[in-house]
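Peer 1: Chain by chain, the residues:
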Amino acid sequence: MDSPFGLLAELTYRCPLACAYCSNPLNMADYTDELTTDEWRRVLDEAGELGVLQCHLSGGEPLLRRDLVTIVAHAHDLGLYTNLVTSAIGLSRSTAERLRAAGLDHVQISIQAGEPAVSDRIAGIPSFRRKIAAMGMVKELGWPLTVNVVLHRHNIDQVADVLELAEQVGADRVELANTQYYGWAWRNRAALLPSRAQLAAAEVVVRAARQRLRDRMDVIYVIPDYYSRYPKPCMGGWAARQLTVTPNGDVLPCPAAQSLPLPRASVRAEPLGRIWAESPAMTAFRGTDWMPAPCRDCDRRELDFGGCRCQAFQLTGDAARTDPVCHLSPDHDLVTSAVSAANADSPGDDLPLIPRPHRV
Amino acid sequence: MDSIQRPVLARHVRLVFSPTRQRHVLLHPETVVVLNGSGADILALCDGRHTVAEIVAELGARYRTVPDDEVRQFLTALVARRCVVLADG
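Residue numbers (the numbering used here), protein chains in the order written: chain X, 4 to 363; chain G, 881 to 969.
Quick caveat, the hints were computed from the structure, so don't treat them as lab data. Glycine residues also receive a C-beta, built at the ideal position from the N, C-alpha and C atoms. Any given hint could be a false lead.
Which chain G residues stay away from chain X? Per the calculated CB distances, all over 10 Å, these [unchecked claim]:
1. Ser898
2. Glu910
3. Asp921
4. Glu934
For each label pair, taking beta carbons as the anchor points, the in silico distance ranges come out as [unchecked claim]:
5. X:Asp302 <-> G:Ala924: 45 to 51 Å
6. G:Asp948 <-> X:Pro119: 49 to 55 Å
7. G:Pro947 <-> X:Asp302: 44 to 50 Å
8. X:Pro355 <-> G:Thr956: 31 to 37 Å
9. G:Gln953 <-> X:Arg210: 33 to 39 Å
10. G:Val896 <-> X:Pro355: 43 to 49 Å
11. G:Arg944 <-> X:Ser269: 19 to 25 Å
12. G:Val896 <-> X:Glu143: 24 to 30 Å
13. X:Arg215 <-> G:Arg901: 48 to 54 Å
14. G:Ser883 <-> X:Asp48: 42 to 48 Å
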């Protein structure tokens with residue numbers, strides 16, 4: 004067992020936005036008893052001792068935590084690389100300056116589409132222009148900036164606009180992440196899954212942009228796994244490189260894993276190091292021993308680790324099955340039927356998007 | 881890559897020592913590169929003052945087994961990944 008490199012600190016699930024593709028859990032009411040500032044300090048101390056080097060401060064909207072600057076300063080003092088994953092709503096100039104002084108290393112700001120009307124509709128509030136202004140401020144303060152957009156049926160046709168915008172604001176990286184179907188995105192899957200034609204058009208744009216911008220900007224394209232032959236190497240393997248701490252202190256290999264029927268592990272009950280080493284939430288699918296056929300005999304088992312356990316559970320009800328995205332999976336028809344629906348003559352364009360609530 | 885150029889770590893990456901791993905690591909927003917001894921030495925010299933030629937010479941002096949080409953290839957790969965930028969002469 005190796006030490007984890009990264010900690011995803013989900014500080015709160017409260018959020019000013021209401022994106023229907025949100026990966027936060029549907030049962031957000033179970034996470035309102037948030038860790039205190041002192042508890043987060045202890046989590047960061049224990050993470051540092053465990054070998055964590057990067058701390059991604061996420062949510063929900065992490066800026067809604069009044070102690071965010073204190074948490075950033077503590078992570079920075081431990082020598083962690085700190086990354087703020089934010090909607091930028093609430094990122095005032097004074098907050099930004101205090102975060103800069105606290106040692107925040109990197110800022111990632113989301114937009115919901117390439118132009119204001121669609122972006123604001125998906126976000127649920129007028130936010131696009133404030134986000135662009137915040138991106139400018141981040142660059143002005145000398146931070147490296149990643150612009151992130153989650154792609155789906157309603158915005159993937161605007162991928163060229165997103166790239167142009169990222170270029171204009173001087174982003175160092177742009178992350179074009181096709182929706183992964185967990186949490187609210189799973190609930191809205193039929194309305195979000197793009198068609199094959201949409202994806203093909205977007206990929207042409209992305210390839211050209213990568214070539215054109217190669218000296219200036221990293222263009223990261225997270226592939227839509229429903230359309231892949233093989234599953235994604237989810238998290239670089241279960242509890243191998245990353246861990247997540249949820250707002251109430253639950254420890255998980257990834258944020259989606261709260262949906263799995265595994266015993267709970269909490270930083271309120273046990274030290275992080277012991278949880279990482281021994282907790283069933285971490286050991287259940289670590290390595291390759293748990294693998295069923297066809298994974299256990301597959302040459303790719305150390306490349307994709309059987310894909311995503313949460314996706315296997317969501318689609319089949321059994322987290323220990325091969326990710327049905329894989330064309331070799333006996334359950335692959337569960338994915339192809341969703342893809343067929345997205346490419347049918349009357350696809351999901353008119354289906355309502357169920358927004359995630361701001362708070363519970 | 882020109883011999884008189886001066887490599888420097890890109891703004892968004894940091895070189896740190898990981899006590900847990902007893903290795904230097906290069907930190908990037910989404911990735912971590914665990915370095916071997918000579919890799920760490922090369923990156924420590926990417927300070928905007930040393931030229932490529934000086935780094936190659938220094939590594940050659942420290943490790944007789946590190947060929948010049950490997951130092952250049954290592955730097956070229958890091959430039960391509962935008963972890964290192966080259967300042968002119």
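Peer 1: Each hint should be assessed against the structure and marked as holding or not.
Peer 2: Now for the hints, and whether the structure bears them out:
For Ser898 (chain G), the non-interface assignment is contradicted: its Cβ lies about 6 Å from the closest Cβ of chain X, within the 10 Å cut-off. Not every C-beta of chain X lies more than 10 Å from that of Glu910 (chain G), the closest at about 8 Å, which undercuts listing it as non-interface. Here Asp921 (chain G) stays apart from chain X, with its beta-carbon at least about 20 Å from theirs, past the 10 Å limit. In this structure Glu934 (chain G) is separated from chain X by more than 10 Å, as the shortest Cβ-Cβ distance comes to about 25 Å.
Checking the proposed 45 to 51 Å range against Asp302 (chain X) and Ala924 (chain G) shows it is violated: the Cβ atoms sit about 39 Å from each other. Judged by the Cβ atoms, the range 49 to 55 Å given for Asp948 (chain G) and Pro119 (chain X) holds: they are separated by roughly 53 Å. A hinted range of 44 to 50 Å is violated for the C-beta pair Pro947 (chain G) and Asp302 (chain X), which are about 33 Å apart. Under the hint 31 to 37 Å, the C-beta atoms of Pro355 (chain X) and Thr956 (chain G), about 52 Å apart, miss the expected range.
About 26 Å separates the C-beta atoms of Gln953 (chain G) and Arg210 (chain X), a value inconsistent with the hinted range of 33 to 39 Å. Hint check: Val896 (chain G) to Pro355 (chain X), Cβ distance near 48 Å, so the stated range 43 to 49 Å holds. For the hinted restraint 19 to 25 Å between Arg944 (chain G) and Ser269 (chain X), the CB-CB distance of approximately 53 Å leaves it violated. Look at Val896 (chain G) against Glu143 (chain X): about 27 Å separates their beta carbons, and that is inside 24 to 30 Å.
A C-beta distance of roughly 38 Å is found between Arg215 (chain X) and Arg901 (chain G), which places it outside the suggested range of 48 to 54 Å. Our hint of 42 to 48 Å for Ser883 (chain G) and Asp48 (chain X) holds, since their Cβ atoms are close to 45 Å apart.
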